[in-house]
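Visitor: This is what each chain is made of:
Number of protein chains: 2
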Amino acid sequence: MYRGESFFPPVRTLLGPGPSDVAPRTLEALARPTVGHLDPSFTALMEQIKILLRETFKTSNNLTFPVSGPGSAGMETCFVNLVEPDDEVLVCINGVFGKRMLENVERCRGIAHVLETPWGQAIDPQQVQEMLKKYPKTKIVAFVQAETSTGVLSQAKDITQVAHQAGALVIVDAVTSLGGVELLVDEWGLDAVYSGTQKCLSCIPGLSPVTFASSAVQKIKKRKSKVQSWFFDLNLVMDYWEKSDQGSRSYHHTAPVNSLYALHESLLILKEEGLENSWQRHRQNHLLLKTGLEKLGIEFLVAAQSRLPQLNSIMIPQNVDDAQFRQELLTKFNIEIGGGLGALAKKIWRVGLMGHASNEKNVTYLLHAMQSLLSCR
Amino acid sequence: MYRGESFFPPVRTLLGPGPSDVAPRTLEALARPTVGHLDPSFTALMEQIKILLRETFKTSNNLTFPVSGPGSAGMETCFVNLVEPDDEVLVCINGVFGKRMLENVERCRGIAHVLETPWGQAIDPQQVQEMLKKYPKTKIVAFVQAETSTGVLSQAKDITQVAHQAGALVIVDAVTSLGGVELLVDEWGLDAVYSGTQKCLSCIPGLSPVTFASSAVQKIKKRKSKVQSWFFDLNLVMDYWEKSDQGSRSYHHTAPVNSLYALHESLLILKEEGLENSWQRHRQNHLLLKTGLEKLGIEFLVAAQSRLPQLNSIMIPQNVDDAQFRQELLTKFNIEIGGGLGALAKKIWRVGLMGHASNEKNVTYLLHAMQSLLSCR
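Taken in sequence, the protein lines are chains X and Y. Adding 86 to a residue's 1-based position in the first sequence gives its number in this note's numbering. Adding 86 to a residue's 1-based position in the second sequence gives its number in this note's numbering.
Just so you know, not all the hints are guaranteed correct.
Since copy identity is lost for identical chains, a pair holds within one copy or between any two.
Derived lysine to any residue pairs resembling SDA-like cross-links, with alpha carbons at most 20 Å apart [what the hints assert, rightly or not]:
no.: 1; residue 1: K447; residue 2: P119
no.: 2; residue 1: K357; residue 2: G90
no.: 3; residue 1: K305; residue 2: D272
no.: 4; residue 1: K144; residue 2: E359
These are computed hints drawn from the structure, not numbers from a lab. Model, not experiment: these values are computed from the prediction.
Work the whole structure out from these sequences, hints included.
Guide: In structure tokens form, the structure reads like this:
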């Protein structure tokens, strides 16, 4: 029988694929008293969050807001609104999250064309172009900018360019990229983008910032069929998030009020640092990690030019037991790193240096811990 | 230009249709350090949450867990999993949330039969029975136990009985009922139930506890088509929430870790009080409010036998301006109450006495504030 006691979590250093360590300021904001989701103070906060998100996405898109669910909910928001039955969609797959996009297209009854790239490599824009020549009716190209399962950065700008040349829109997974590497929604012309709060924004998990260019909004407005999801239907969600006049804002669902306090604070922290400075910091700490790993003789899965600074996939040294090593990291050092997924299970570790957790202290502590565990074998 | 400052919400007394006031203990739990969603300490917490939720739902259903989204996400989880294209579904509508159920059925491409009951009245089980005679192929009866838009309690036990007699399953909206009025999932034989955390559980908004009896699980397992939503597909979600062995638990989405700390604490608080004691407390404070309102000459919308103690719909006195009155309650007394929806807009107020907010102090303060505002007119 469960008797019931308050839960006091262990204090970890979160260096896995997410969630990342949440800043104390964000946790403090999270715990402030709950107000109603139509309270004037709260609807004013919603407007501020939209402004801060636009700055973070580098966009002036009006339709920019956090979906009330984790990254997968943001993903589904993009697909159910943009993909109509029988729409042809080119899905670029180079890891777990590309596969998930394919699942979404199929469940929206779209016609999926698949460009498969070996896990650990970036999507090749030229191959995208060839696929689009083969399937000229393609309406949407879907790809992951930062593959969390492999640590690969694909060139969103170049892929978008070839998609647009072929008259297709793009849906971009930026769950792990937002705040950690360059992402220029307007300059690159990205049509629909979704992200997550628990990676380089260092906010709690559970929200998914999204942004839609007018190109995407137009496609949604021209739909012949209703969006198959009520919860994710942007036509309805917009009535709550889009109206800045509090009086005309209409209820859709109860917003996750406290989580939005936290997101606001995390976005403020990022703004104070400066977005470009944050990208730079992620890069620097990645290089620090790389130098240390080289000394330990540990190699990267991904070629240097496609490595994500915030998600380092590294080869597990021979004769090291994956599960036991990570278990010891957790129990002896309170450090979480991630294992591999799918075909990469037991072959790689995924070391996240995301947001608040991307700092010298964490890198040096991790290197110390890894060295200790590897040398006592 | 938005310069950016931390957000300090006003301290309200939340007596609207939800969210309700969150207990300080719950806010404190919410702000504890984030751990990974596969951390052994966290997966142990998940098991505890499931046990506590089963106690709160009065069920032994294995498939009992909180959906990572607000009540509407729990609603959609029930419908997309249980309703297959061309399934006939009887939807009972006596308010906003019944209408939303209809939207869900249509978007799942089910065939909806509608039993409309005037807003403010309970669903009549006899009428349900008649509809089921008229549509004998009906597979599911969907209804709202506690209509948040009107403050009406319908008899879930009786409706379920006639549904089962006709060989149909039930989907029950218990968003506002869970923790506030009697809800006996196993004893009444409810097949699928969804709720919310921000009502009588007095937790933060953003999670939706659900429970599925084996009857519902069987229907899901026999589906001919894939669930149209990836995010809400219980076959996938179960792989994360159902496995108690940490090793075999597979990643679906990043769980809203901190919100789950809060839910655990709220459920503990409820357990400490005792579920039946909580129902009783909601009843008592409702009666205290009723006595006070009678002195002010304010009447209820709903007949006494169908009134929800936790959601009191009361008639706005003649010559009182709805918006101005609620505005003054908010600015002068920091009290939030709700307005009417749809045809009841500007006709009723909705006074929530939910969870932690259902106490004598709040009732007497609200009555004092209402009296002050009404007498100075």
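Visitor: Could you work out which of the previously given hints the structure breaks and list their numbers from low to high?
Guide: none
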